[in-house]
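S.K.: Assemble the whole structure, with the sequences as input and the hints as a guide.
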Amino acid sequence: MDAAENRSEPREEAAAGAAPTLQVRDLSYSYGKAKALDGVSLSARAGRVTALLGPNGAGKTTLFSLITGLFDSRRGEIVIAGHPIRRARSKALAAMGIVFQAQTLDIDLTVDQNLRYFAALRGLPGRHARDRIAALLAEIGLADKAKAKVRTLSGGQRRRVEVARALLDRPALLLLDEPSTGLDIATRRWLTTHIHSLARDHGMAVLMATHLVDEVLAEDDLIVLDKGSVVASGPVGEVVLRSGAADLDAAFTRLTAGKPEAKP
Amino acid sequence: MNAAHAGRAFRAILWRELLRFVQQRERFFAALVRPLVWLLVFAAGFRATLGLSIIPPYETYITYDVYVVPGLIGLIQLFNGMQNSLSMVYDREMGSMRVLLATPLPRGYLLVARMLSGTAVSIIQVYAFLAIAALCGTEMPPSGLLPLLPVLVLTGLTLSALGMFLSSRIRQLENFAGVMNFLIFPMFFMSSALYPLWRVREGSVTLYELCRFNPFTYIVELVRSTLYLQFNATALAVVAGTLVVFGALALIGYTPARGGPAAGRAGGGG
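Protein chains in written order, with the working numbering: chain A, 1 to 264; chain B, 1 to 270.
Treat the hints with care, as some may be off.
Unchecked claim - Between beta-carbon pairs, the in silico distance windows are:
1. B/124 with A/84: 54 to 62 Å
2. B/128 with A/108: 57 to 65 Å
3. A/108 with B/32: 16 to 24 Å
4. A/197 with B/106: 28 to 36 Å
5. A/170 with B/29: 50 to 58 Å
6. B/150 with A/189: 21 to 29 Å
7. A/138 with B/150: 54 to 62 Å
8. B/106 with A/229: 26 to 34 Å
9. A/197 with B/29: 48 to 56 Å
10. B/6 with A/26: 27 to 35 Å
11. A/144 with B/42: 49 to 57 Å
12. B/240 with A/197: 49 to 57 Å
13. A/84 with B/149: 41 to 49 Å
14. B/143 with A/144: 49 to 57 Å
Keep in mind that the hints were calculated from the coordinates and are not lab data. All C-beta atoms, glycine included, are put in the ideal place defined by N, C-alpha and C.
M.R.: Spelled out as structure tokens, the structure:
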């Protein structure tokens, strides 16, 4: 299956009111006897940023590992762009771009080599990959760093490259696992603006895990995860309203039993 | 699986391994110096003291340095397999393994591609070693060098599979040195790499039996017989069987449903 063949059309999906790009149904996962996720159901729609908000240890990274096929669970179902990950793993993964929480670039390779390596893994033909890499590096403001070794880049620049890498084959779904970890304020702002523009202007479905309330915008969909369970979900305004709190910060504190994360 | 996509991905994995190998010059020199020290120092000393009778595949009396070459080829591939294992544990800790395993291709294919790439690097090392050994006066039949290539693919894959299996079980980089000591040295010394098995039996029957059950013995003997254009069915069968066993264990080790967390550890606190 070629990567290009797997791509869905998020704009059309949004316009037609089709099924969400990502659907997670009744998903559970345990590390031995310790339950990490318990009956989690959620969805992410095309053209929207869905924030997965939860304190440390809530199960966000475990959930991401299951969605990206790194972990496997027989309890529950994950469907990406119409492809169940357990039965059609390759097609499901082809529809998804991923920015992992930890830095995953090869620091001994240049930016361009990293992106070309990944483009080949995704099946992009050489010329197409070269054009796409040039366009994405220009878009993230790092065109002049193409030949720079990743080890010479700052943490913020590396994160930008990882975002570009996730977008190489125009995925229908973009997953970001706490992407602002360790970044300065300017890069965090750029990241927030950029991913919202990807959803708004390119019709992409974005699922972003975070434990920072100030990274969630009023226009976003919100899922609050706590101790492995979804405790609230819906548009941000509705979640705040239902919680009876004055703002999202207070709502999050209330929903997660008074365990807010400190703001950076 | 689309063939063009699979081909591109394999070339990318191979290219990355070769690039890393070229960039890490110390690794290249270490890979060559190690067997050369055995050949030029150890074997030079033993040449005068250890007599070797005519044993297959040799058709005449040989000097000790000639005898030890297949064992040193095995040593190169053994170290390279462990280097691959270390590299995979490092990749896992650095996150690169997660990127590879989240690629939209069958996981088994990605792991085999990774093993083949590591094997390709070991084959380059082997031929570089053989060239230097020949320049230093060790006699080898040139006609055996080409038939040796497919055998090196098989033996390299077997040791890469062993390395990959180990990498799936090793939780931390710090644990690696212990595994190396407890695996590489016993495997190498308890084999026919340095002494013919009949010589070992003269010294210790127990050690002889251990050598007979060591798959590395058969890797060395397969290389030895091929280099001298002889077919060793027993060695071929044992090496192929070892590849199947370690390959299966490695694939199971990297299967998400069976201990895969070691392969793609979440690495986050969320």
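S.K.: Which numbered hints are broken by the structure, listed smallest first?
M.R.: Going through the list in order, the structure violates hints 1, 2, 5, 6 and 7 and respects the others.
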